[in-house]
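Chemist: Residue-level listing of the chains:
Number of protein chains: 2
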Amino acid sequence: MQEKINTPRRRVLAAAGAAAAWAGMSTVARADSTEPAAQSNPQPVSDVKPLPDYAKWKDANSLIVHSANTIETQRGAVGSSVITPLNRLFIRNNVSPPPAGITDNPDAWQINIEGVRKPHTFTLAQLKDMGLQALPMVLQCSGNGRAYFPHKPGGTQWTVGAAGCVIFTGVPIATLVEALGGVQDGMVYMTGTGGEEIPAGLDPNSVRVERSVPLEAMKDAILAWEVNGEPLPLAHGGPLRLIVPGYTGVNNVKYVKQLAFTKAQSPASIQQNSYRFSAVGEKGGPQHESIWEMPPKSWITSPSSPDTSLKAGPVVIGGVAMGGMDSPSKIEVSIDGGKSWQEARFVGPDLGKYAWRQFAFTADLKPGRYNLASRTTNAAGQTQPAERAENNRGYNNNSWQDHMVEINVTS
Amino acid sequence: MQEKINTPRRRVLAAAGAAAAWAGMSTVARADSTEPAAQSNPQPVSDVKPLPDYAKWKDANSLIVHSANTIETQRGAVGSSVITPLNRLFIRNNVSPPPAGITDNPDAWQINIEGVRKPHTFTLAQLKDMGLQALPMVLQCSGNGRAYFPHKPGGTQWTVGAAGCVIFTGVPIATLVEALGGVQDGMVYMTGTGGEEIPAGLDPNSVRVERSVPLEAMKDAILAWEVNGEPLPLAHGGPLRLIVPGYTGVNNVKYVKQLAFTKAQSPASIQQNSYRFSAVGEKGGPQHESIWEMPPKSWITSPSSPDTSLKAGPVVIGGVAMGGMDSPSKIEVSIDGGKSWQEARFVGPDLGKYAWRQFAFTADLKPGRYNLASRTTNAAGQTQPAERAENNRGYNNNSWQDHMVEINVTS
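Chains as they are written, first to last, in the numbering used here: chain Z, 389 to 799; chain V, 389 to 799.
The hints are simulated quantities; they were obtained by calculation from the structure and are not laboratory data. Hints may be right or wrong, so weigh each one.
Put simply, identical chains are the same to the list, so a pair is met inside one copy or across any two.
Computed list of lysine-lysine pairs in DSSO-like fashion (alpha-carbon distance at most 30 angstroms, straight line) [said to hold, decoys possible]:
id, residue 1, residue 2
1, LYS699, LYS506
2, LYS607, LYS506
3, LYS718, LYS607
4, LYS444, LYS506
5, LYS645, LYS699
6, LYS651, LYS754
7, LYS506, LYS754
8, LYS540, LYS651
Whole structure, please, built from the sequences with the hints as guidance.
Modeler: Pasting the structure below:
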């Protein structure tokens, strides 16, 4: 949508301060690095920074542009309709996207399937006649919430907005594999290779976007050519993207040109060294756990600003809750910084275990300051923890403490 | 989304013929009439006609612009992700929309609630703190499918695209009514009044958009300020719209400025004379049934063109099925014009009884001509009929015969 978007009523007071913060930001846009530099100020900003050409169609007023390849949704811009509009969905590219021309004729896009009994190359047109699945799911960057780590890890300082809930549509990978005679014996990983161009003179493994996930992730995975009812745009990995529901964003390989079942994980640096769970101060490597499955997490989206000022009376506190690999089954809200909790209610449709749910809680607030927090539990009994799991690069932050919103209620 | 949209592979051959049809069309844009003139050629066109200013943000390549106030989605542009993207959603205004400025400060919009024990005027900001519901539902114009009536009823010649499945978000009307002491005794209708400007010198009842629905429709109805995660745009009734799920589009009053519980139906012409189920040749009036609840209906969206030419082999036939007031529970597909039927499968999430579901059926087609049809049954046991219910103005066409797609399969 290109209509004028209005500043939400609750964000007006915060705008002046945020503008000042923006002016003081020394953003370093390292478009072709898998490890963007840490920014000097992790605070979200509501001012408008230009969108890159491939994402010009997005609603700049709902986004925070960190760099040409890292753009997040403002906390209050995610809406209350479960599905995140595409023009507000975050973008995170590890390297610059391929030329926009690859989406001019999407049906001609080709993908090799390897590591099956009958390896085969399909065009996207052929995939469209092999099966159809529509998969609602949370797409979330591994580093979402990184800004809250006190040791200031390198990388984009995402707050809550490197996440959205969308519906990807494509062909089930299990269907393709069955048609190709099944996975070859001994293969334990599913490895997707992105179609980004590798600059001349560089070691391909240093920049190639190639990710391996455990073979079991194939079960619900699809090759998607559509998102939220539209042909998959370049900004989100079109014409074809590997979608592995429940797994962090990087595992959902964009512009996917090869899907291979492999005995070992990809030798690419993005697999071997990046996206590893290592202790603070320790560089990641193959000996560390890979960042794959997402844990349960929730956050409040309305009121949305740390500096929100509200009038006393009933206030609807809203947010989103995801369960990771299992449905979110319970959501609690605290208005006293986590000292006490009350159960909130889920709002709107349940789109399945990989989607998030909206929640709402009505509180009758007297004048004063409040720390609003939310905490979800999934169907497997996992509860969102108070503390983040410390790690060097600031991955998978699902601490409810870190995601609190402070509000000021006036008479 | 503003990216270049590509002509779907299956529509390429149809484009040339459609362009010729477009050139020959004598479209009469009667922007301020509740009864647009019949067009001389009901055929859908895939060429681009300029969008009106208030809908400039829409994707022109996915739409058929009948007039400034009547714009439908192309059959093949609805996608396979259940939710219809806003930039592809149809538009039907009975009169021209109010000035765009009314969405500049949506929270200031006011609505009177009348016919309750404690009548009250709310601002939209106040409504937002009274409750929250997200409601997936089919929004469909009463005249969708009118183009297939052989007697050529007056009005826009909609084919299948005056319908979409979206998620509206707002406050339950039942919650408001409870807060205002309940409905006054003796009230049997819920009447919404639109905020359109009435041109000077006209009898307000001749143009006012004011619709009454039975009181029981209040149960699941909401006042919505958001659709698909975005603030409700002017083109779809923003800042505030009355949403009555399961009822045809006109009952979902845009720019709603008053909601009244009443003893009688609105005296407006749009209630008394329009949207009435009268015999062919007979003008509608209060003695005829009002167009309220929608019947079950389905149609094929892919392949999408009557002139589609496909290669022999497996073809995924896809479409949408809605149940009206109850969930669609079964979907059948025929490739021989309805002589024989096979059960298809629903694809993707079930968003609740008012939403539609996507379906898919894989057919292995040899060279030849095929008439593809779909037929749905809802949870109440109502099956989509072969024949339309004839009526003067061409409302509620849910005939499966009328919605067939003819395809040509080559070797």
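Chemist: Evaluate each hint against the coordinates.
Modeler: Evaluated hints:
1. Taking CA atoms no more than 30 angstroms apart as the test, LYS699 paired with LYS506 passes between copies only; the shortest distance there is 23 angstroms, against 66 angstroms inside one copy.
2. Taking the shortest alpha-carbon separations for LYS607 and LYS506, only the intra-copy value of 19 angstroms comes in at or below 30 angstroms, while the best inter-copy value is 56 angstroms.
3. Proximity of LYS718 to LYS607 under the C-alpha cut-off of 30 angstroms is found in both arrangements, the shortest distances being 26 angstroms within a copy and 26 angstroms between copies.
4. For a Cα distance limit of 30 angstroms, the shortest separation of LYS444 from LYS506 qualifies neither inside one copy, at 41 angstroms, nor across copies, at 49 angstroms.
5. Taking the shortest alpha-carbon separations for LYS645 and LYS699, only the inter-copy value of 24 angstroms comes in at or below 30 angstroms, while the best intra-copy value is 54 angstroms.
6. When the C-alpha separation of LYS651 and LYS754 is checked against a cutoff of 30 angstroms, the pair qualifies neither within a copy, at 60 angstroms, nor between copies, at 40 angstroms.
7. Taking the closest pair of Cα atoms, LYS506 and LYS754 come within 30 angstroms of each other only across two copies (25 angstroms); inside a single copy the shortest separation is 67 angstroms, beyond that limit.
8. Neither within a single protomer nor between protomers do LYS540 and LYS651 lie at most 30 angstroms apart by alpha-carbon distance, with minima of 36 angstroms and 65 angstroms respectively.
Consistency with the previously given hints fails for numbers 4, 6, 8, ordered from lowest to highest.
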